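Protein chains: 2
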Amino acid sequence: MQRILSTELAAHPYEKVLVEGWVHRVRRLKSVTFVIIRDAAGLAQVVMADAGELTEESVVSVVGTVTPNEQAPGGVELTGPEIHVHSAVDVPLPFELHRPALTASLPTQLDHAALALRHPARRAALRISAAATAGFRAALEARRFVEIQTPKIVESATESGANVFQLDYFGRPAYLAQSPQFFKQMMVGVFERVYEVGPVFRAENSDTARHLTQYTSLDAEMGFIADHRDVMAALTGTIAGMFGAVTERTGFAVPEVPAEIPAVHFAEALKIAGAPADEPDLAPAHERALGEWARREHGSEFVFVTGYPMRKRPFYTHPDPADPSYSNGFDLLFRGLEIVTGGQRLHRYEDYVAALSASGEPLAAYAGYLDTFRYGMPPHGGWAIGLERLVARLIGAANVREVTAFPRDPHRVAP
Amino acid sequence: MQRILSTELAAHPYEKVLVEGWVHRVRRLKSVTFVIIRDAAGLAQVVMADAGELTEESVVSVVGTVTPNEQAPGGVELTGPEIHVHSAVDVPLPFELHRPALTASLPTQLDHAALALRHPARRAALRISAAATAGFRAALEARRFVEIQTPKIVESATESGANVFQLDYFGRPAYLAQSPQFFKQMMVGVFERVYEVGPVFRAENSDTARHLTQYTSLDAEMGFIADHRDVMAALTGTIAGMFGAVTERTGFAVPEVPAEIPAVHFAEALKIAGAPADEPDLAPAHERALGEWARREHGSEFVFVTGYPMRKRPFYTHPDPADPSYSNGFDLLFRGLEIVTGGQRLHRYEDYVAALSASGEPLAAYAGYLDTFRYGMPPHGGWAIGLERLVARLIGAANVREVTAFPRDPHRVAP
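Going down the list, the protein sequences come from chains A and B.
If you read the first sequence in our numbering, its first letter stands for residue 1, the second for the next number, and so on.
If you read the second sequence in our numbering, its first letter stands for residue 1001, the second for the next number, and so on.
Hints are supplied without guarantee of correctness; some may be wrong.
Claimed, not checked - Taking beta-carbon pairs under 7 Å as the criterion, some of the chain B residues facing chain A (in silico): (1) HIS1084; (2) SER1087; (3) LEU1117; (4) ARG1123; (5) VAL1146.
Source of the hints: derived by calculation from the structure; they are not laboratory data.
Predicted, not measured: the structure shown is a model, and the values here were computed from it.
Ideal Cβ placement from N, Cα and C applies to all residues, glycine included.
Given the sequences, and given the hints that come with them, work out the whole structure.
In structure tokens:
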């Protein structure tokens, strides 16, 4: 017999069907037992006189008759069932999955990820994550970006120096890539517009609700731009595509992405946030203040901050031609949290040589990367979206670990 | 003026247009100079009296009039051009890009990847790779597989023991994941069907034309199967979807994927390959012989080998119920090369305990993974496709490095 999903039951009244899944709940009443089966699509109620030893999370096949019952989930239930058990759970569960919310602490959930992720709320968050990722790709493919795969093992701890994981590469040191930045710029020389969805690694020994040592970076880079505003426009369309895909695929209600997201210059942002005029960067409290300001003044959950000071941005950042102490770099804040960093990059070889020399870096460590600019590059820029941060902010999760299947942090490297 | 792509020129006869790209070639004749511009879409010819100092690979904007000329690529050329140079190349190129094939040796190409990848042939291979990846996702989404992202940093060098890269994780050892195997099985408990496109890492110190230390693995795993044949059927449909996407997106002619790919049992495969009956695995020469056999006997570029001996497969492999010395594991050969490994997995907790105990492994190292089976799992299985191998075989590249943007091997970790 062909299996059907729980959500398809109502279309088969009075038919004998096969449903398969996990025993989500067993409710033993005086004269009857309700068994709720959970499958990939949803829940199905099975009615039986006696469920015997059946335990929650056991995996079963159930053949039964679809019988209308207004009080059952979906308006139908399975009656007269024959149950086959594929694997029986014979130990107590560390926590129950059938409550509306998981009551176990987050560390306990993470320790038992294989079980906790089965909870409908945890599962829904990961579906939203998958939908946002699909929307990212679709939005960029429609703008003729080409997908690339780049190395996660790199020769030198360039780009930022600190915060990289070192590994033993056949007896030599090598490092885990903190971002695909250099590679995606190199690939602009090949395809003009590229994107990558992949893991990035940060050896930051900070245990906060918004940091992970591995996270999923949604990177894009595009050539033949006028300046960073072309990048911001492409990013805005991409975020709109991601949110559209979330609603379309999961039904989750997303906030509106304005056709033009409000943008404030860094100097103005400091004033709005009530920060001293000589602050070189925005602290989390400043970001929250800017998020409130954008909602209040523009009715927007998003706000761009542009023109970050050059001294706080990486060496490949393009300065603002009108005031070179500021950059053509930007951040995008969503509900008062930075979820994207981007900007225009330098594109002339001599500018790279000058920038690296000024920072005292040896040019030789960047040889393969500098080839890109020595052999001709257009004005270009791009961005990196932190997927987990975006999804956490979207669904109102307090901690990025709630939207990551198997998070990694300084104290957690398992399961 | 709005930029148009080289391939759109013919639709704008006698109009003044803006084209941007790299100077692919400068041909200085006696009374005229032809400048070929390369952009993301193709090539455009510009005719001028004198191109001055213009050098190949410089990046330019050209405003000119679209003029029909049957001898020009695409049947049109740009006349009366004004050229603006964004970045000028003032060093000799290590090799020329405008020849039909790159004449530089592969090591030289890889040393100068930023330049070599701009060659239309290298670029086309990466586009085919991107198309195959998109086809993989689309085929699986249509079968209700859900995309997952899993950790690349793991606590213990399990799964195979050898061939893992060790890294310094805040003063403790940790390892780069050789595959998402454990995690995708855990996620079958959540979504029933999952897939992941991501990097995997192998510390194999072998410098062959088909091995890389990082490659892109196209992984899938599905629950509620009867046995490995359900996995093979899903894989066949997925490969067909990938090849369909390659042709649709790039025009590359792909071989037919049979609706049912021929399958031979391992014991039979040894006979066909002329190997001794006690061989525990297939050598590359045996795979080539099987590829020739499949083409000759079945007109198929593909052949499944099923029932590999249990002793050569990992501990989570499901045995063949009819003869437990053989497994429900399979490989898929494409043109005589293994490009996919897959099979049915164990799904009962007690089977895992027995398998790990038999191999002398400490159960504690697998605690988070074993949770999955302790708390109920359906019969399941899956596969891993090596993207670079598949694409190399498809386009006839002799070395996987030709279809990898920035390959990593024991002797190469840059650029």
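inquiry  = Quick check on the hint: VAL1146 (chain B) CB to chain A CB, less than 7 Å?
reply    = 5 Å, holds
query = Minimum Cβ distance from ARG1123 (chain B) to chain A below 7 Å?
reply = Because about 6 Å separates ARG1123 (chain B) from the closest Cβ in chain A, which is inside the 7 Å limit, the hint holds.
request  = Classify the hint on SER1087 (chain B) as holds or violated, based on whether any CB of chain A lies nearer than 7 Å to its CB.
outcome  = It holds, given that the least Cβ distance between SER1087 (chain B) and chain A is near 5 Å, below 7 Å.
ask   = Can we keep the HIS1084 (chain B) interface hint, with Cβ of chain A closer than 7 Å?
value = 11 Å, violated
task = So, LEU1117 (chain B) near chain A? Judge it on the closest CB pair being under 7 Å.
result = 5 Å, holds
The structure fails hint 1 only (numbered hints given earlier).
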